[in-house]
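Got two chains here, each in a separate frame; can you build the complex from them with the hints?
Keeping their order, the protein sequence lines are chains A and B.
Just so we're on the same page, the working numbering is the position in the first sequence counted from 1, plus 2.
Just so we're on the same page, the working numbering is the position in the second sequence counted from 1, plus 312.
Hints listed in this document are in silico derivations from the structure and should not be mistaken for laboratory results.
All C-beta atoms in this analysis are idealised placements derived from N, C-alpha and C, irrespective of residue type, glycine included.
Any given hint could be a false lead.
[Unchecked claim] Partial selection, computed: residues in chain A whose CB lies under 8 Å from chain B:
#1 TRP208
#2 PHE286
#3 LEU588
#4 ASN655
#5 ASP683
#6 LEU685
#7 GLN687
[Said to hold, decoys possible] Some residues of chain A that are not near chain B, with every Cβ distance over 10 Å (derived):
#8 TRP149
#9 ILE195
#10 LEU391
#11 TRP684
#12 LYS703
#13 ARG725
#14 ARG726
#15 GLY728
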Amino acid sequence: MPKHERLEAAVPWVRLESTPEDWRAADPALLGGMLAELHLIRAFEETVLELAGEGLVHGPAHSSIGQEGGAVGSIIGLRSSDGVNGSHRGHHQFLAKALTHVTGGDLDLSALVTGDVDRVLQRTLAEILGLAQGFCAGRGGSMHLQWLEAGALGTNAIVGGGVPMGAGNSYAQRQSGTTDLTVSYFGDGAVNIGSVLETMNLAAAWTLPFVFFIENNLYAVSTTVAEATGEHRLSGRGPGFGIPSWRVDGMDPLAVHLAMTEVGDRIRGGGGPAVVEAEVYRFFHQNGPYHGSAFGYRAKTEEAEWRARDPLERVGSEMLGLGLIGEAEIASVRTQAVEAMREVADRLTEPDPDAAGKRRIRPELWPDPEFVDVGIRGDGSELAGGRFLEPLDDEGPKDSGRFVDFVAGVMDRRMAEDPRIIVLGEDVHRLNGGTNGATKGLAKAYPGRVLGTPISENAFAGLAGGVALDGRFRPVVEFMYPDFLWVAADQVFNQIGKARHMFGGVNPVPLVLRTKVAMGSGYGSQHLMDPAGIFSTSPGWRIVAPSTAADYIGLMNTALALDDPVLVIEHVDLYALPEEAPAGDLDYRLPIGRAAVRREGADVTVLSYLSMVRHALEAVQQTGVDAEVIDLRWLDRASIDWDTIGESVRKTNAVLIVEQGALGTSYGGWLADEVQRRFFDWLDQPVLRVTGGEASPSISKVLERAAIARTEEVVRGLEEAVRRMGGR
Amino acid sequence: MATVVRMPEVLAGASEAAIQSWLVTPGQSIGVGEPLAEVETEKAVVEYAAETEGVVLELLVSEGQPVAVGEPIAIIGAADEATRVREEPGPADGSQQRAPEPETAPDPEPSPLADAPDLLPSERGGHRAAERRFASPIVRRLARERGIDLALLTGTGPDGRIVRRDLEATAAGQGAAASETRTPTGSPKQPAPSPAVQAGPGGPPAAFVDLPLSGMRRAIARRLTESKTTIPHFYVVADCRVDGLLDLRRQLNAFDEVHISVNDLVVKAAAGALMDVPEANVAWAGTAVRRFATADVAMAVAVPNGLVTPVLRGVESMSLTQVSAAAADLVARAKAGRLKQHELEGGSFAISNLGMYGVKEFSAIINPPQAGILAVGAVAQRPVVDDGALGVGSVMTVTLSADHRVIDGAVAARWTAAFVQRIEEPLRLLL
Ligand SMILES: Cc1ncc(C[n+]2csc(CCOP(=O)(O)OP(=O)(O)O)c2C)c(N)n1
Chain A
3 MPKHERLEAA VPWVRLESTP EDWRAADPAL LGGMLAELHL IRAFEETVLE
53 LAGEGLVHGP AHSSIGQEGG AVGSIIGLRS SDGVNGSHRG HHQFLAKALT
103 HVTGGDLDLS ALVTGDVDRV LQRTLAEILG LAQGFCAGRG GSMHLQWLEA
153 GALGTNAIVG GGVPMGAGNS YAQRQSGTTD LTVSYFGDGA VNIGSVLETM
203 NLAAAWTLPF VFFIENNLYA VSTTVAEATG EHRLSGRGPG FGIPSWRVDG
253 MDPLAVHLAM TEVGDRIRGG GGPAVVEAEV YRFFHQNGPY HGSAFGYRAK
303 TEEAEWRARD PLERVGSEML GLGLIGEAEI ASVRTQAVEA MREVADRLTE
353 PDPDAAGKRR IRPELWPDPE FVDVGIRGDG SELAGGRFLE PLDDEGPKDS
403 GRFVDFVAGV MDRRMAEDPR IIVLGEDVHR LNGGTNGATK GLAKAYPGRV
453 LGTPISENAF AGLAGGVALD GRFRPVVEFM YPDFLWVAAD QVFNQIGKAR
503 HMFGGVNPVP LVLRTKVAMG SGYGSQHLMD PAGIFSTSPG WRIVAPSTAA
553 DYIGLMNTAL ALDDPVLVIE HVDLYALPEE APAGDLDYRL PIGRAAVRRE
603 GADVTVLSYL SMVRHALEAV QQTGVDAEVI DLRWLDRASI DWDTIGESVR
653 KTNAVLIVEQ GALGTSYGGW LADEVQRRFF DWLDQPVLRV TGGEASPSIS
703 KVLERAAIAR TEEVVRGLEE AVRRMGGR
Chain B
313 MATVVRMPEV LAGASEAAIQ SWLVTPGQSI GVGEPLAEVE TEKAVVEYAA
363 ETEGVVLELL VSEGQPVAVG EPIAIIGAAD EATRVREEPG PADGSQQRAP
413 EPETAPDPEP SPLADAPDLL PSERGGHRAA ERRFASPIVR RLARERGIDL
463 ALLTGTGPDG RIVRRDLEAT AAGQGAAASE TRTPTGSPKQ PAPSPAVQAG
513 PGGPPAAFVD LPLSGMRRAI ARRLTESKTT IPHFYVVADC RVDGLLDLRR
563 QLNAFDEVHI SVNDLVVKAA AGALMDVPEA NVAWAGTAVR RFATADVAMA
613 VAVPNGLVTP VLRGVESMSL TQVSAAAADL VARAKAGRLK QHELEGGSFA
663 ISNLGMYGVK EFSAIINPPQ AGILAVGAVA QRPVVDDGAL GVGSVMTVTL
713 SADHRVIDGA VAARWTAAFV QRIEEPLRLL L
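The shape of chain B in the complex, shown without the other chains (with noise of 0.2 Å):
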């Protein structure tokens, strides 16, 4: 960091003063209390040492100029900025602007809630700054001790600052990853990526923007790779006629107090399924099969930027209204980025529901450690067949991805039958 060297007081009270001479050249290094110049003021003439030690980078004034006390005159800097700082074209006539703006603060605000104002990046100029990453004071310290290089990282806080959530979302998602490019100690640091729009050299703008990768992308990214190239996926397909559901959704929502979603009774139909076909309700654990007693589904959250995945735990033993309670919960707080490590652990399946958006249907990507995970498509009107009878039924098509090292075929189709029964006799959803 670089250093200006101000106009002193030389005499109490004085406001301007002089350099009668220079006792330094740039480039030249310089130690504390080592003089730097004879300062000249109405009254007298007195030497003026260094305070900060480096190489004198840059003389701001010229001899004999009158300063007022205060204004930057000097600019003294570690050693290794030496030659960046001087290949810069600097003013010769000592004109004062190259001093870096004094760090001020906006006014505070007369609000019932007083902080300290953050610098906005912005008020940071020159190219220095651009290298600057903001994070927490328990995020510096965090990284320190874990070696995990900031410049990795995407900030989410206030004006970008890395705050504490995208260090645990780095450790928990990616801590390989972060590991693995760990800056070795005395190295330069990698430059941070940088959202700007790409320019070749010297020609037009790319066409293109490389945004910097979030620590949930990262996450996805390597999980979803992970997972469908190393688990064998197969999928089964299914309709659902969905009228029943529905009338149900209808009758219960008359009630004030309740909304049950179609997707909270996805998630109550796919735990009684579970419940049904115990065999499906595993997951694979290197040197065996885990089942498990109760149904802990996962469901599949659209946040900003990327997607997580909280768990609803003991489903087969919850009311339709505590799941619908605890559904709700779950995203609420998933899209308000308050989830806890834990709730994000776990769970035997999973559903991912993209009905919302009128896909008739789709395939999913399980995700790992679960051994399924079910892809719901939207209720749509269809033509249907009962009893040889052409009508119009609701119908929703949804799609089982299996864990082949875990399921296999029979049992993913019985699972998807047990569903599908428990989707079209809804009235069991409610024992």
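Chain A extracted, bound-state conformation (with noise of 0.2 Å):
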């Protein structure tokens, strides 16, 4: 008979409840500050609701009524630096955070809508409508709402897509020796999603000043948390990371707030990280006007109950009980919030001429269509002022090593003069520079600068986001191979690649993502492919792919000054790689857009990238073909070289687009597809292609050389191209 030890985790997990007492010793103003902003909630989601009603909203519209309780009692007491983020169900926590920080939480309940308030009511609005004047432009809609100044990062559709980020927020917060947190919000639903849970875990083991805020309302759109996972109290995560969990009942603002305090205490004393579930309760069905009972998944008796104790009244009630508020005055409340809430929406909409009785938004409003595209990516006027350097045309004195030794060496460079600087990955900070020594050296130089992480990309890639969201640091984030980025692929694609543009196209997200082609180490199917083709689906990540250390050396300081996501790419076969740079200078950079020629030809334009230059370069010496070989460095849509091109298809008449990589995730593509539109009447064969086979390289040696394309490949495409000018 084995005996059995009682094991208790490391943490507390407490329910809290607010006494008779609590109400007491609140502070009056507190309560004022948070029936106030309770109603003002409640008239703004009517108001959306009512317009949805009309089919003014364009999408879904998620309303919060019933729980703004847990809202407004977490981020009353918070400061306008601590950060918030959200989801899809977002307006109450937006606008509690929008509206503490233009009121300070302390509003006049007679005289409730101010200039302030106002405005942030109609901005909210107008985001809401997809009007031009929203916080977002008029981009972002009711799931995507940023204010960054009132700490409001962004809320987000992907269903605990928001959490990484948030975490990286309260990264930079903690980083830069600020006592602020960061609070994201989430439902039920979404606290089985990898995001939270590999973020609880990063969270915790960094100690992050973070708060994982699950508004567990019961229901995922129709399925019951009692479906949906096994322990059902939900705050029960929390203990399992070490991170202590508080459950409230989010009905009960007080409640929520004294939790919060606790909560805050702790974390601003460097206690790491905290769960706070709120058990509340969303009055309509997942969006639109109507009840949930409506849809059958819950019953009406169930919606009674929960009415009974909502959150407005319930402040309302206290407050009156304990004297501090008249009827009239929380009558007062709800018509100011109202009357409010209906000049707004005449503001944004009027008479529709064409339909007696009916409104539409006004069309002077909507945003210029032309403003579809603008601000994907920054316009690269950071980068003025720096200094740029060809390496094709410096002829002055050289530094040899191996490729990977200027890999590291400029990173040690750029960190040295620029502290903003932090390089996470995994194992980067061990292993004399990690798998590959791309990063040897940099965890002694600068410490608690080189991070190595848990084994949860998706985690610390968002986490990255939100620290480059942040702005106060540029985080280098090494992916140890590409095929990785499926696992980090909501945070690279979702969130990363899709911040600046979604929430408006103004604010910039530096970050730099290292990883490396690794075809030909025998890793197989789930290591081994090249991941350019899949960034340049993403059109707010720019890439660099350089086939040389000089050429390594002026992208990664590009990539280091610009404000946009840049991933670099680097192959493990360029890594040993004799090389030369300019003697001691690390410090220049290569300018956006420019491509190298290689070798020039008359021919057919090779046009290539990373290793592949050098195979395309032996395979033109080996068949004796003309041919001009571009090494085309910026891959991206935004950033590739047209001009380099251009002019060489115009001389050689005919292209052929070098990768190694499978055929499906490839990058010439779109390549292809652009070089045809553009250069059409100059081509004389169709555009060719050079690629790996159909399915991923295998581990097997001989099967992983069939599956890539080296220089014997380049050699077929180039007697195809050759082939295809006939003359015979």
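Shown next as structure tokens:
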């Protein structure tokens, strides 16, 4: 019979309730502020539902009616410099943060709607309606509300997707030496998604000043908590990660406030993250002006029970009981809020001249359709004043070394000069520079700035995204292998890649992601992709793929100076090569959009990048084909060098795009498409492509070789191009 | 180009519809937005308007007949197409086979070399497709700019596509011809010469095939006719004893890395002779006799369906192995169609060697601007007389064609003697 010893979680997990005493002790101004914010948000949400009912809200309107207590109770005590983000159901958190920012949480109940408050209400409603004056210029709408100045970091339509970014914000707060904190709000459905769970682990490991705020409203659309998980007390997630956790009645804003005060004290004192689970209820269905019971997944009686616990009434009646307010005054708060919202709606809508008795959006308020692609990325003006050097033209003395030593060298140089740079990734801090030596010496030279991460690409990529959005630091993320982008895809593409554009096109996202192509190393089907093709589908990303150490230095320096996310692709075949770069110069940059012509030729333009440039040159030598070999350097749509490509195509009238990896994820497809469209009248044959095979490369040496492209495949490509030149 | 009108998806998700009534008749002109038909689905009857303008050539479905969404229902063509198409016997029952095949691409092969598959000409049925000339975009553009009628070119690219090289061959070889036959704007295009077997009207197939002229064939025809009719040719014939030459070649080729051909030795000897007799290293320059300082020797190289004459420059200063390598490179690239234009230009002298075909002797036509060409026959064992004794020796007969405008008989004879001497004392070729 084995012996059992009962184990306890190492951190507390408590349920907190307010007492009458707590209500008596509460600052009347705090209670008044809560009442005011609750009513403003309720009237706001009612207006949204009304407009949605009239078909004026494009897309879903996820109302927070019923759940306002959790948001107001937790936010009213926060500083403007504290951050919050949330999910698809985020109007209430956004408004609570914005209102608290402009009022300090202290609202005059007899003159509720000041100019500032009015502006917050109008710009928020305008955003939800998709209008130019909205907080995100109408781009974000209901699910992407951002006002960085107020500490509203941006709400998210990917369930749980904002949590890693929120953690990144808290990292930046702590690393800047502040005692600020960040709260990420998400639902009971979101508690089961990887972004949340990975971030719980990461935040606990790194003791981040971060609150996981679960709004447990019992339903994810129509799926109940009991159906979705075995531990329905969702704050129970925390202790398993070593995170102290609170459960609290979210219909009681004071209780939430008290819980958050405890949490805040602990976090600001350096105690690390906390979980707060607020039990709340949305009075309506997932979205729109209907009750959940109308869809059959819950009972009217249940809805009535929760309605009886309406947080607005709770605060009103407690204040009434304490003699802090009269019935008439409460009614007046309600009237002022409703009236303010009526005026706001009137400013944004007008009677529809084509349909009697109906409203329409005032046509002049829509964004200009020309705005559609503005601000996908920065304009590169941040590079102004930097020193550019073209290694092709540089005739000065050279330093020699292995390619990978220049990789570590330039990062060392930048970290020495720019204290904002931090490096994070798996094992980057150990093994003498990570798995390939690319971060050699950095951990020792820059303590605390080279972070070995847990194996959770989604969380640490997203965290870096949050750091970038905060702007005080410049994260450099390493993915050990490119294929891991798939496990981080939400953060890489939905978040980092879209953040700037989606929230209005103005807030920079300075982040560098390094990864290495490893084709030829025998790591098999799940390690050997070339990420260029996939990243090039995500327009927010810039992509560089240096083929020489001298280019690497210049391109990395530019990447670290840019205000956009930049993918820097490396290749294991290059690491050990003996290379030369301008002597003693690790500071020059290479301009955006400048390719390198590695060989001039008249017959066919070879477009390539990374290690395949060398294979292409080798193939040209072997075949004697008079090819012009262009090393693209910059691969993304916005940064690629059309001038050089165009000049070459007009000369050769034939194009061969050369890359190494599998066909499906290959890069050249869009490029071929673009080339034929731009240069159709200059082509003498279809755009040809060299790629790997259809399947991802296998581990068997022979099969791996057969699956990828190297010199021999480029030779075949060149021969094919020659065959198509005719003349026989 | 005729446009096929297809059954529209009147209501989202509808898979079938019928023409309730046609609002046009064949032959009628129609503009964009003008009603074509009333289309009836399960749920509604809507008027369907034309999306292209033109003449209604044909209505493919009859009223009331249910048709799947996307099926052809009518053909609208440009005004001038009207008669031609209407002459065809068309099924009046509204059957749908009349619609041109949609352009389908073959399944892409999972090959490391991916590209857009080309349509095979055979996939384009119909009489109109036969007139279609496939030409690459750059060819279309340049032809337009230079006023060249593509109908006069032969495509040597994949599936007969006219590619840049075909245009360049025209430009180089017969620019004049091309411009003479320029199609006047607005006039109908000349039909392309077709490689098909000619058939008399209603009679049996004729006993000949007309192969369309390639650019190269036109160039050869024009240049050599011009040469033979405007240059006063005369000929000098000599036999060369080549036993020593063959011996030397055997010895040289005993070294692994060298492979010297008889032709390489002939080229080298010819260059030496041009240096020995500078009066022969000349060209007719219209108002002057141009004398050259170097020996630039052209070689006639047979390529499929023709020949080209790339020029080896400065042969006098090249070693034999250099000559051999350079000649091999030119021949290989000539056969691969990869010579550059400048490699085909100039030269003062040419060599045409048909020895490998066993030809005893022949005379060649001068390839202007060159003033001489040496026709080289096969090496053969023949009876020879040395010092009055009859024996057997290896002999090669060569025939010099010379341009009498610049080379007189005596000069030609001296040049031939110098050539023979170099061939018969081959060690001098190594100097
Ligand atoms: C990753 C992802 N999966 C699914 C959805 C679709 N979706 C949007 S909201 C939602 C339910 C979320 O439930 P919960 O987290 O409990 O939040 P609540 O709606 O209750 O506030 C779902 C499934 C999504 N937006 N993102």
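Query raised in the report: Can you give the numbers of the hints that this structure goes against, from lowest to highest?
Result: Result: hints 1, 2, 3, 11, 13, 14, 15 break, sorted rising.
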